[in-house]
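Q: Sequence:
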Amino acid sequence: MNKIEESLKSIVKDSVKKVYDIELLDTDIVVEIPKDPSFGDYSTNVAMRLTKQLRQNPRAVAEKIVEELKKNSYFEDVTIAGPGFINFRLSKKAFTRVINDVLLQNNNYGKNSSGKGLRILVEYVSANPTGDLHLGHARGAVWGDCITRLLNASGYDCLREYYVNDGGHQIDMLSESLYSRYCELFGIEYPLPEDGYHAQDIIDIAKQIKEEDDDKWLHVDPKERFLIFKDKGIKLELAKIERDLSNYNCEFDSWISEKSLYDTGYVQSTLELMEKMGLTYEQDGALWLKTTLYGDDKDRVLRKQDGSYTYFTPDIANHIYKLERGYTKLVNLWGADHHGYVPRMCGALDALGNPKNTLEVDIIQMVRLVENGKEVKMSKRTGNAITIRELCEEVGVDAARYTFVSRAVDTHLDFDIGIAKSKTSENPVYYAQYAHARICSLLKEYPIFTPVPSYDLIGDEKEKLLIKQMNEFPEIVADAALTRAPHKICNFIQKFSQYIHSYYGSFKIKQLDNQELINQRLCLLKACKITLKNALGLIGVSAPESMNRE
RNA sequence: GUCCACAUAGCUCAGCUGGAUAGAGCAACGGCCUUCUAAGCCGUAGGUCAUGGGUUCGAAUCCCUUUGUGGACGCCA
0 MNKIEESLKS IVKDSVKKVY DIELLDTDIV VEIPKDPSFG DYSTNVAMRL TKQLRQNPRA
60 VAEKIVEELK KNSYFEDVTI AGPGFINFRL SKKAFTRVIN DVLLQNNNYG KNSSGKGLRI
120 LVEYVSANPT GDLHLGHARG AVWGDCITRL LNASGYDCLR EYYVNDGGHQ IDMLSESLYS
180 RYCELFGIEY PLPEDGYHAQ DIIDIAKQIK EEDDDKWLHV DPKERFLIFK DKGIKLELAK
240 IERDLSNYNC EFDSWISEKS LYDTGYVQST LELMEKMGLT YEQDGALWLK TTLYGDDKDR
300 VLRKQDGSYT YFTPDIANHI YKLERGYTKL VNLWGADHHG YVPRMCGALD ALGNPKNTLE
360 VDIIQMVRLV ENGKEVKMSK RTGNAITIRE LCEEVGVDAA RYTFVSRAVD THLDFDIGIA
420 KSKTSENPVY YAQYAHARIC SLLKEYPIFT PVPSYDLIGD EKEKLLIKQM NEFPEIVADA
480 ALTRAPHKIC NFIQKFSQYI HSYYGSFKIK QLDNQELINQ RLCLLKACKI TLKNALGLIG
540 VSAPESMNRE
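Residue numbers (numbering that gives the first Met the number 0): 0 to 549.
Note that these hints are calculated values from the structure, not bench results. The structure presented is a predicted model; accordingly, all values stated were derived computationally and were not measured. The beta-carbon is built from N, C-alpha and C at its ideal position, and this holds for glycine as well. A hint or two may mislead.
Subject to a maximum C-alpha distance of 27 Å in a straight line, what follows is the list of computed DSS-like cross-link-like pairs (lysine-lysine) [claimed, not checked]:
1. K373 <-> K355
2. K303 <-> K239
3. K91 <-> K461
4. K16 <-> K92
5. K63 <-> K16
6. K443 <-> K487
7. K92 <-> K467
Here are the simulated distance ranges between beta carbons [what the hints assert, rightly or not]:
8. Y280 <-> R118: 32 to 38 Å
9. S453 <-> K507: 36 to 42 Å
10. K494 <-> G277: 52 to 58 Å
11. I362 <-> Q510: 49 to 55 Å
12. P190 <-> G167: 17 to 23 Å
13. Y261 <-> K34: 55 to 61 Å
14. K91 <-> G325: 29 to 35 Å
15. V219 <-> M546: 52 to 58 Å
16. G325 <-> I21: 18 to 24 Å
17. D213 <-> L237: 40 to 46 Å
18. I21 <-> K70: 41 to 47 Å
All chains should be built: construct the whole structure from the sequences, respecting the hints.
A: Set out below in structure tokens:
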């Protein structure tokens, strides 16, 4: 809740108490900015909410409250409209206070403490180290990155984690595929497994190994070689993934390996714990977990007939390990193709006695790449699925990020590569960056200005829009963090940029003679620049000082 | 077949713990550069919020029906 809302609510509460002798809570009162500014600066529906209790029609209730509210100098005007909305017009002083708040807090403006004391671990991307990251991963990476930026800005203690699946069958295939490609470089035939990896990146890695070690591995014991190629494969694939993510402005705090959960005995101890709690049973030579007792539609296998473990087992250990590190809230971002896995994992955590909703899984819907209205399935260059690297090269990091983060994740996304690539007004990311650059160039022309205690010359409708929007920002950040919805930041950016462009167009500072008016407007613009830059920072998009047209 | 999402302007999408006349960008049409960057501004047009019902002072928003689209239903990961 921002300062203006705080004040409004407390004033409304006092008035209702005085008129009707009813004690309201903050949550009973909704204060919002009306869609149509002609209604007022802010409005509340409190009269409508009291209708039932008082058995009077809402307008009558509103009239009595307004009579009381009008006595307060915080308002320029208070009116009743529609079915019983109370609309406020604020006094100038109440309004412009935010300008100095922003100037003072600078880079910290927008940060809030709504998540203070909460420890939350967010796991995302977690792609197998068996190939390049593709479009779906890119969406998940940006989304996770933005969520964690928001959580950090809202005071949560948050960890960004990547779970590395380096333990299962697919890694064996990686080793074999890699060796096959390696042999190929020496003209030796070695079968590439059918469910192995056929993509170009395996060939590239094989070449890298050849450059480093030459033919050294052709002559070692197959068992040893198998393990070595496993290791090399994982290491090189992971390095590539990390580099691609980093180029994409996505950094992780923690990379947790599936294999290490076996090595440290975590998998074993988790199994023992579940057995001890009576959550498992043997059937058909396999070990099962009773997830049906906790909302799953069938029980799941932990240990297969052949004695090896399913993917599920170390993953349970993985989640237990998260909790043991003191994170009380776990969030995973999974692709839509994994949504059937959700009840299973949540069921396992429930079974182990964790509070409901300890784990929440956000599902990232599919991405389709589109160009000129047609779906683009494969990269023209490589013939394989389009990678995150190609995407960044093609459209640029800022545009790619913005496209992904500006849409809610629960709907299928058509990524129009033509629009993302275009450096025109079709591309919303430039719109926002341009708004920032325009203020910057203005501030370069007028580098000297001083904040004042009261902005008595500010108060035009367009200035009010800027101030209201700026004032909302910390609350929007807190809400976007809580609901894990970074696209709300994009909505903010878009609207705010629009106000900035509109203001920029209608008030030319150069045409003014009044030095004090210029000064006050520069303060306002500087505050806008700070707010916009911070907002862009929350979604990992740059805020350039100038836009270079090509 | 069972389960889970989703359906809003020509296109891509916001709005969803119920609130005033459902919004934005693009595309279309008409204006605005001798003044801080026209990657911009101002205006016009564009809607049965998939369908049918229910809940109530009030529904795009909550509940149910039907249709359509995508996904999941492995001792794969």
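Q: Indicate, hint by hint, whether the structure satisfies it.
A: Structure-based check of all given hints:
1. K373 <-> K355: Violated, at roughly 44 Å.
2. K303 <-> K239: Not OK: K303 and K239 at ~33 Å, beyond 27 Å, violated.
3. K91 <-> K461: holds, 14 Å
4. K16 <-> K92: holds, 26 Å
5. K63 <-> K16: Given that 27 Å is the threshold and the Cα spacing comes to 12 Å, the pair holds.
6. K443 <-> K487: Distance ~31 Å between K443 and K487 Cα, so the pair is violated.
7. K92 <-> K467: Holds, at roughly 13 Å.
8. Y280 <-> R118: 32 to 38 Å: At 34 Å between Cβs, range holds.
9. S453 <-> K507: 36 to 42 Å: About 24 Å separates the Cβ atoms of S453 and K507, which means 36 to 42 Å is violated.
10. K494 <-> G277: 52 to 58 Å: Since the Cβ atoms of K494 and G277 sit about 55 Å apart, the hinted range of 52 to 58 Å holds.
11. I362 <-> Q510: 49 to 55 Å: holds, 53 Å
12. P190 <-> G167: 17 to 23 Å: holds, 21 Å
13. Y261 <-> K34: 55 to 61 Å: holds, 57 Å
14. K91 <-> G325: 29 to 35 Å: violated, 48 Å
15. V219 <-> M546: 52 to 58 Å: The hinted range 52 to 58 Å holds for V219 and M546, with Cβ atoms some 57 Å apart.
16. G325 <-> I21: 18 to 24 Å: violated, 43 Å
17. D213 <-> L237: 40 to 46 Å: Given range 40 to 46 Å: violated, Cβ gap about 24 Å.
18. I21 <-> K70: 41 to 47 Å: Given range 41 to 47 Å: violated, Cβ gap about 19 Å.
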